[in-house]
Amino acid sequence: MTPFFISHVAQSLANVTTGVSLALVLVLPLALLVGMRSQLDQALTPIIMLVGALPDLAILTFLVTIIGRGNVAAVAISAFSAFFPIYFTIRQGVKEIPADYFHVASVFRAGRAQTLTKMILPSIFPNLMTGLRLSFEFSWNVLLAVEIIASVAGIGTFISTNLGSSTHSLTYGLAAIMTVGIITITMDRAFFERLENRTKRWH
Amino acid sequence: MTKVYEDPPETVTALKDISFNVNEGEFLCIVGPSGCGKSTLLRMIAGLDRPSSGQIRFRGDPLTAPHSKISMVFQTFALLPWRTVIQNVEFGLEIQGRPKMERQKVAMDLLDMVGLRGSENLYPKQLSGGMKQRVGIARALAIDPEVVLMDEAFSAIDEFTAEALRAEVSDIHKKSRKTFLLVTHNLPEAIELADRILVLSARPARVKTIVGIA
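Protein chains in written order, with the working numbering: chain P, 1 to 203; chain B, 1 to 214.
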């Protein structure tokens, strides 16, 4: 039982990680810009809030009928889910940077890249960690749900196919559910909490 | 060296028809009622703001952006919380690309001077207000400026600590011969520290008078 089952879990995990990373790369620059330029913020954020308010599971299961059930779909689903937590936490982080930090960067003549690496990114690091944690957890849950509903490749499908049939598979199904739960908690505690604690040094 | 300013109206007319010189090596205090625009004036000298008309000149050249020889100490201290004390002092030197050994030496010497040797690896959140401002002063001096701007630098500190800090700053001024510009609403403070005092009226601020202190 074990190796077969683990590969499904690993597949889902990998897809979520890829999706979240993809979202991060795309959203981080956007959220930074939006946080710093209120005109852009006022133009863009309402639209994003609107999209975020739409029923994601419905949209995503529909998406699967277009893209298919493979890993590409899983990554796209994860990235889409990860988009919103990252966008809003980073945007908020940037808005909370005290104006005087920008003044410090200016007075000491930091260039744009230096201002970004030496002031903005360290400032929003706690928000980034929160954003990543939220988006990972959110993505994980959404992907699992879509896997179950739409039979996208991954542990969700494994669970749904097993729960549907004989008692023997029921055990597998329940075991898989437990495993997913354990993984979620472990990820949260072992990984993200460690990163968030790093920020407590100076906060 | 003289700086010649002339910065008339802002959009909300914070300052009107301001014109004065600053003499090299002097301690000039700019005083006026709260909200009269004196901080705006200082920010323009720091290069953080631009006058809507008129010009600020430093050593003959117009000033339109932060200058490498003009530094600033902030009322809110504005230390970067993820950096240790010494890393904060080194900030300007890091921007300039100075090598690590040099940065550390300059920073430690300054921390010595402001009495913070031993605290170099602490984080700002572990410091009192007075200590934070000492770090702010050290940071400002690290880039070896010719002019040190102080924006209500003592206003957010308790009176006892502020008194000690003023004496230290006065000392630093006398020893370094740098030009100091302090904006404050505290008149006794200005009288204590200044060679000259520039008095601004209420908004829109105009130069009311310039007083020399013996």
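Simulated from the structure, these hints should not be mistaken for lab results. In this text the structure is predicted, and so the values were computed from the model without any measurement. Some hints could be false.
Each pair of labels, with its calculated beta carbon distance range [what the hints assert, rightly or not]:
| no. | chain 1 | residue 1 | chain 2 | residue 2 | range |
| --- | --- | --- | --- | --- | --- |
| 1 | P | N141 | B | K105 | 51 to 61 Å |
| 2 | B | P62 | P | N71 | 55 to 65 Å |
| 3 | B | N121 | P | T18 | 31 to 41 Å |
| 4 | B | S53 | P | N141 | 23 to 33 Å |
| 5 | P | L40 | B | S68 | 26 to 36 Å |
| 6 | P | F191 | B | T64 | 41 to 51 Å |
| 7 | P | N71 | B | K69 | 53 to 63 Å |
| 8 | B | Q55 | P | D188 | 54 to 64 Å |
| 9 | B | S68 | P | I185 | 48 to 58 Å |
| 10 | B | E102 | P | I185 | 29 to 39 Å |
| 11 | B | R117 | P | N141 | 45 to 55 Å |
| 12 | B | D49 | P | A113 | 19 to 29 Å |
| 13 | B | P81 | P | G181 | 28 to 38 Å |
As a list, the in silico DSS-like pairs of lysine-lysine whose alpha-carbon atoms are at most 27 Å apart [what the hints assert, rightly or not]:
| no. | chain 1 | residue 1 | chain 2 | residue 2 |
| --- | --- | --- | --- | --- |
| 14 | B | K100 | B | K125 |
| 15 | P | K95 | B | K125 |
| 16 | P | K118 | B | K100 |
| 17 | B | K69 | P | K118 |
| 18 | P | K95 | P | K118 |
| 19 | B | K16 | P | K118 |
Every residue, glycine too, gets a C-beta built ideally from N, C-alpha and C.
Hint check, failures only: Those not satisfied are hints 4, 10 and 19.
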